[in-house]
Structure formats: C-alpha cells, structure tokens
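A.B. asks: Chains as they are written, first to last, in this note's numbering: chain A, 1 to 352; chain B, 1 to 352.
Treat each hint with caution, since some may be false.
Which copy is meant is left open, so a pair is good if it fits within one copy or across any two.
Below, a list of computed lysine-lysine pairs in the BS3-like style, where the Cα atoms sit at most 27 Å apart [to be verified]:
#, residue 1, residue 2
1, 226, 246
2, 113, 350
3, 288, 57
4, 142, 96
5, 348, 301
6, 246, 142
7, 311, 180
8, 311, 113
9, 131, 257
10, 96, 348
11, 142, 6
12, 350, 226
13, 348, 142
14, 346, 226
15, 310, 180
16, 246, 96
17, 142, 350
18, 73, 57
19, 259, 142
20, 142, 310
21, 96, 259
22, 348, 73
Treat the hints as calculated values from the structure; they're not laboratory data.
2 protein chains.
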Amino acid sequence: MSSPMKRPYLTTLSLTPENQETPIHFINGTVDDQLFFRRNHFSYPPISNLNYWLPIKGFVLSPQWVSLRDLMKMPSKTVKAVLECAGDKRRYFEPKVFGEQWGKGAISQGYWKGVPLRVLLEQAGIREGAKEVVVEGHDFGKRTDTDSIHSFTRSIPIDKALHQDTIVAYEYNGRPLTFKHGFPLRLIVPQWYAMASVKWIRQIRVIESSFEGPFQTVDYVYYPNKENTEGAFPVTTMNVNSTIQKPLDMAVLDTGKHKIEGIAWTGGGYITKVEISTNNGENWSETKFSSDTENGYGWVKWVYQWLAAKKGEYTILAKATDSTNRVQPDTPFWNRKGYGYNAIEKIKVKIE
Amino acid sequence: MSSPMKRPYLTTLSLTPENQETPIHFINGTVDDQLFFRRNHFSYPPISNLNYWLPIKGFVLSPQWVSLRDLMKMPSKTVKAVLECAGDKRRYFEPKVFGEQWGKGAISQGYWKGVPLRVLLEQAGIREGAKEVVVEGHDFGKRTDTDSIHSFTRSIPIDKALHQDTIVAYEYNGRPLTFKHGFPLRLIVPQWYAMASVKWIRQIRVIESSFEGPFQTVDYVYYPNKENTEGAFPVTTMNVNSTIQKPLDMAVLDTGKHKIEGIAWTGGGYITKVEISTNNGENWSETKFSSDTENGYGWVKWVYQWLAAKKGEYTILAKATDSTNRVQPDTPFWNRKGYGYNAIEKIKVKIE
Numbered sequence: 001m002s003s004p005m006k007r008p009y010l011t012t013l014s015l016t017p018e019n020q021e022t023p024i025h026f027i028n029g030t031v032d033d034q035l036f037f038r039r040n041h042f043s044y045p046p047i048s049n050l051n052y053w054l055p056i057k058g059f060v061l062s063p064q065w066v067s068l069r070d071l072m073k074m075p076s077k078t079v080k081a082v083l084e085c086a087g088d089k090r091r092y093f094e095p096k097v098f099g100e101q102w103g104k105g106a107i108s109q110g111y112w113k114g115v116p117l118r119v120l121l122e123q124a125g126i127r128e129g130a131k132e133v134v135v136e137g138h139d140f141g142k143r144t145d146t147d148s149i150h151s152f153t154r155s156i157p158i159d160k161a162l163h164q165d166t167i168v169a170y171e172y173n174g175r176p177l178t179f180k181h182g183f184p185l186r187l188i189v190p191q192w193y194a195m196a197s198v199k200w201i202r203q204i205r206v207i208e209s210s211f212e213g214p215f216q217t218v219d220y221v222y223y224p225n226k227e228n229t230e231g232a233f234p235v236t237t238m239n240v241n242s243t244i245q246k247p248l249d250m251a252v253l254d255t256g257k258h259k260i261e262g263i264a265w266t267g268g269g270y271i272t273k274v275e276i277s278t279n280n281g282e283n284w285s286e287t288k289f290s291s292d293t294e295n296g297y298g299w300v301k302w303v304y305q306w307l308a309a310k311k312g313e314y315t316i317l318a319k320a321t322d323s324t325n326r327v328q329p330d331t332p333f334w335n336r337k338g339y340g341y342n343a344i345e346k347i348k349v350k351i352e
Numbered sequence: 001m002s003s004p005m006k007r008p009y010l011t012t013l014s015l016t017p018e019n020q021e022t023p024i025h026f027i028n029g030t031v032d033d034q035l036f037f038r039r040n041h042f043s044y045p046p047i048s049n050l051n052y053w054l055p056i057k058g059f060v061l062s063p064q065w066v067s068l069r070d071l072m073k074m075p076s077k078t079v080k081a082v083l084e085c086a087g088d089k090r091r092y093f094e095p096k097v098f099g100e101q102w103g104k105g106a107i108s109q110g111y112w113k114g115v116p117l118r119v120l121l122e123q124a125g126i127r128e129g130a131k132e133v134v135v136e137g138h139d140f141g142k143r144t145d146t147d148s149i150h151s152f153t154r155s156i157p158i159d160k161a162l163h164q165d166t167i168v169a170y171e172y173n174g175r176p177l178t179f180k181h182g183f184p185l186r187l188i189v190p191q192w193y194a195m196a197s198v199k200w201i202r203q204i205r206v207i208e209s210s211f212e213g214p215f216q217t218v219d220y221v222y223y224p225n226k227e228n229t230e231g232a233f234p235v236t237t238m239n240v241n242s243t244i245q246k247p248l249d250m251a252v253l254d255t256g257k258h259k260i261e262g263i264a265w266t267g268g269g270y271i272t273k274v275e276i277s278t279n280n281g282e283n284w285s286e287t288k289f290s291s292d293t294e295n296g297y298g299w300v301k302w303v304y305q306w307l308a309a310k311k312g313e314y315t316i317l318a319k320a321t322d323s324t325n326r327v328q329p330d331t332p333f334w335n336r337k338g339y340g341y342n343a344i345e346k347i348k349v350k351i352e
C-alpha cells in the first residue's frame, strides 16, 4: 500500500454561516481555492449563473446593465492580493472579544483577474459630487442586533473605487471564481481588509452621500471603548502584520538547526523588513525574504536560520516593518469588536 | 445553482506526523471515519495488506501466527467506544504546556468490531506469572529526546487485556478499518485514553515484567511538577469530562430561547448527570440526556433549554458527574506534559 496523502483542511469555526480558516502553517505562495478562507455573514445566496446582469447605477450619467459576456470582453487586469478578514487573529485579544474566534488563518492570497471598477464607472459616467461607490452582494439575512433583513453591502470612497487595481474579478488563479468565493463577480479592493471585497455582486451604485448600512456603520468600526462609541473610526486598510508559520507554538524540537519561517504583509506600501528574536525581545536579527518584495499586494515570505544549541525554553518573536514605517506594536490595539489585531507575533518552543 | 454543500473539516495541527482534530461542535452520534480525529507519533507506516500475519508470542505456552483470514473467522464482538487522546484540551492548561496544542476535538466515537484479545491470548495460553501484554504498532521513527528509533509500542496490564471488551478490531462503523485509523488491525481499549488503542498492530507479546518503552515510561505519564518527576503516575483511564458543542465560545446571540448542548463521557462507570450554569456557577440546573445512558462506552449527548431574556454577557459552565461519583473539577490538574484536562467546561456568550 502506498503512503496515503496527507493534507491540511480548512479549520471550521461555524457552518451557518460557513466560516472556515486557512491552516496558515502549511501554505506557501498562492492559496488554492479549496484552502482559501471562507468568511460569510449569511447563508450562501440563491444565485443563478443564467441571465446574470450587473447594474451600475445611482449618481451616474448613464446607468448600465452589463452582461457577463460583455464584461469579459472589456479590458482586464490581474492583481496579486492578500485578502485578510478584519477579524483575523481576534482570538488573541486580551480581554477576549465577542465574535468569530479567528486564529491566524483568516488570510489567503492569490491572483485575481477582472475589469477595473474604474472602467465600468467611466462607462456609466460619474456625476460631479459623487462621494462613494456602494457594492451590494446577493447574500442577505437577519442580524442579531435587529429584526430586519439586510444584504451584505459595503461602500468605498470614490478615489479608492477609481484606483487602477480595484477590480470586479471573475477569475481566481486562472480559473472562474468558485461559488463560495463570489461567483460570478467579486469586488477586489487591494490593501483593505477583506470585508470591502464584496462577493456575489448584485449591483454597484454611486452615491453623493455617506453610506450608512450596518456593515459600514455598526460592524467594521474600531470601538476603542467597551461601553461607548467614543473615538470610533472605520476599518479600512490592513495593518502591518506577520505570522510565524514554523515552528508551531509550544512545539518540542531537537537541538540543532531550525528554519523559522513565515509571512508578512501590509495594507500600506510594502514590507521592508521582518525581524526575529529568539530570546523574547532582548536581541533582534533580520530575516531573509524568500519571495520578491516586488509582489503586487501579496505577502512576503521570510525565513531565519536558527541554531538552537542549548536545551531549554525559548520565546520567539517576529516583527514586520513596512515602507510607510509602520511597525507591529508590542501590545495590540484593543477594540470592542476585535478588528485589526497586529501585535508582535509570539510563540514558545522547547528544545530537548 | 443549488446551494453548495457546507461541511466541517478536520482541523489540522500538524502534517508530519499527521495530527488533526475533529470539529467537535458539528458532530452527532458516531463520528464518520473521515472526521475521526487523527493522532500520530510518526509518519504513516509502510504496511502491506498482502500476507499479513499477527504474531502472539512472548510468555505464552504456544506462540501463534494468525492470518487475517483466520482472525475474521474467530468469535467477534462490536463495542461502541469513545476514543479520546490523552492530550485532548491541552491548549487550555495555564500555564501552557509544550506539545501538540489540541483543542476540544481530540475525541471521537463509533462502533468497533473485532476479536476479543482474550480469545487470542487464550489460544496462545498465557503462562502463570504473566504481567502485561505489549502491543507493538507498525509505525516507528525518531523521538526528539533520543537519537534512536522507536516503534509506537504500549502495554496494558493482564487483567485489562483479558477484559471482554478489549478487542483487536478490524472494522469501524461496519466497514474495514481505514489505513489512517489502523488498518488492518487496531487494539481497542475502552475506557482508557486512546494511546492504549495501538494502530497497525505488528505483534502482541505477553511479558512477565513491566514494559519500559518510552511511550510507556516517558510519555503518557502525569508529572505534577515542572522540574522533577516527583509524584509521577501513568496515564490510564479517561477522566470524567464534558464539552459544550453549542453555542460557540464568544458567540453573539439574539434574545430568546437557545439550546445549550454537548457531550459528556467518562472512563469509569457511566455519566449520571450533567449540570449547566448560565451565571458562572451561582446556580446550577440539570440537563436532559438526548441519548441513552445505556450506551456502551460512548458519550452521552445532553441538552438544556435556555431562555436568554435579558441582554448582556453570560458565562456558561457545564459539569459532568459519573457513577463512580467523579465530578469535573473547578481547576484542571496541571501536569507537565498536559494530559487528562477535564476542568469544568466554560464558555462566554453575549446576548444582544
């Protein structure tokens, strides 16, 4: 009998809606569609690929109804991008915060192909004074905080909507989007947390005001205080961040050489360095990048060769810096809904 | 397009060896082979189903070499049993302990069919003075604490080996054992933590002494002290334990009625009650069992109807008691290698 295939699976947090994270410790380069994390707010939508039309309407000169067929004939662009859920690493906040207890795997990356949103908007003709572009998904349901039904709808500011790399994607890693990841069309907003990358696009609407839907003004807002909304501000771009993929936290290892490896990413600029400490922050060393930094909006893969000569317990830290001089902080920015965790990455190992 | 299948996957902790846990929150009754937790000490063994013979030797009158074909003609027995890894829930020890960071899913149950070990031992004729039965698996490799190669080998005392429900299993849930779960033969030792249920049996050996292999005398030993071996004693039967399957820890729920449900199990006797507190232990209520307590060595499924009328945060506890009057303790019994965690189960939820 030949050796059976060993493979990682998605880690299931919930099934209704389906929330599953990527086993990040076993992932390299781009993430296969099957291992791409799944984050849903509602059940999967009832959607048909027959007779699909994309409306682009609202505060425009000439509303459009674009067929999939026509969309695929338009100028396209392929963008490599990390999508990270705003709640990634939520599990590590202290005090703990309510919500899906994501570990480190609410993040994946790959190549998205589609039509720049700008092309579609220019075809419709944006009217002067337009402020935001609202993208509605086909998924909908009841929220725990109200009795009414909402669809998953988000807006982005007009300048982000017109950015050349904000696209309406129809392919992932060279294949049509799969249903669970937004078929037939998904907005991809590089550098922003992934709530902006709306799946199963139902319509695109230009508005001259600020969008006030609950996924814009209730969720995906940083609330620094537990009891009130003082100092609240919206979740937008990803924080600079890193994850140690290997070794695992609390692993027991031999004396000798070990590779410490992981990924680092940012929503602002690009990663300039990732430092490692194997003695809980007393000394730091720079890691080597094993992937390009010319990497679109992808993560950087880094590695550090560690000689663990002496038996004992070690606290290992990783700290990324980006080209806008943002650095992972010692302590996370605690906020009531648990978004944007990016404290210095920390594991312990024992050498025996 | 019809709604896509939603399903839980095993949660991957490591691939070499392959350690994956059952997503316990989505499991009912017996666990499908595909969702049965996988705990390996080494790579999967090179093993062939051609020409497989099981030796029963050592301190016996008449050593045996039993073919699979002959084994399947012998009297058989089907046993419903929980298998729980001794490291289940290790992640929850404080201070944290080294080793695989199992959550609550290193446990599964189902129906095992096989030949009572007693039948095989009686055929070989146990000599007077026999003390233990050593079962060796086909899996082997290097341990971090030595440079030599070891197979995964464990012993059980002669009286446990002769227990009518200790079987050499060849079927799980009505089908031949799958390779990852011990094909062609696996020892099943009900009531003991699952390290005793050796997979891929290579040989069975009766001895008149105490077996001293590293998986018997180094691992699977409770060490109450971090720095020395004082007070150490072997890991054997499962502790009384329970897990809340629903709701999830840190979930946000509507006001109204909610089912709190889960499982409870023990390695001694049977579960007599499971109590729930929705106010962090001030008051306790008994849950209802929705499965038989006449359940072989399976877990009990329990449920509690909770009316969450008032908004706010709730700490929910579950506490099981068994027929030998063992109760889950308030605080876990900390031990250096992190075995046998069974403190009162605790989650928090928010009603909004």
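A.B. asks: Each of the hints needs a verdict: does it hold here or not?
C.D. replies: Tested hints:
1. 226 <-> 246: between (35 Å within a copy, 25 Å between copies)
2. 113 <-> 350: Close neither inside one copy (44 Å) nor across copies (40 Å); limit 27 Å.
3. 288 <-> 57: Neither: 48 Å inside a copy, 55 Å across copies.
4. 142 <-> 96: within (25 Å within a copy, 39 Å between copies)
5. 348 <-> 301: Within one copy, since 21 Å is at most 27 Å while 36 Å is not.
6. 246 <-> 142: The answer is between: 20 Å across copies meets 27 Å, while 40 Å in one copy does not.
7. 311 <-> 180: For residue 311 and residue 180, the Cα distance exceeds 27 Å both inside one copy (46 Å) and across copies (33 Å).
8. 311 <-> 113: Intra 49 Å, inter 45 Å, cutoff 27 Å: neither.
9. 131 <-> 257: neither (55 Å within a copy, 43 Å between copies)
10. 96 <-> 348: For residue 96 and residue 348, both the intra-copy (21 Å) and inter-copy (10 Å) Cα distances are at most 27 Å.
11. 142 <-> 6: between (39 Å within a copy, 19 Å between copies)
12. 350 <-> 226: The answer is between: 13 Å across copies meets 27 Å, while 37 Å in one copy does not.
13. 348 <-> 142: Cα proximity of residue 348 and residue 142: across copies only (22 Å, versus 41 Å in one copy).
14. 346 <-> 226: both (26 Å within a copy, 22 Å between copies)
15. 310 <-> 180: So residue 310 and residue 180 fail the 27 Å test inside a copy (48 Å) and across (36 Å) alike.
16. 246 <-> 96: both (25 Å within a copy, 19 Å between copies)
17. 142 <-> 350: between (47 Å within a copy, 17 Å between copies)
18. 73 <-> 57: The answer is within: 20 Å in one copy meets 27 Å, while 74 Å across copies does not.
19. 259 <-> 142: between (47 Å within a copy, 19 Å between copies)
20. 142 <-> 310: For residue 142 and residue 310, the Cα distance is within 27 Å only across copies (19 Å; inside one copy 56 Å).
21. 96 <-> 259: Classified as between: cross-chain Cα gap 23 Å, same-chain 32 Å, threshold 27 Å.
22. 348 <-> 73: Classified as neither; 52 Å inside a copy, 52 Å across copies.
Figure legend: structure checked against the earlier numbered hints; hints not met, in rising order: 2, 3, 7, 8, 9, 15 and 22.
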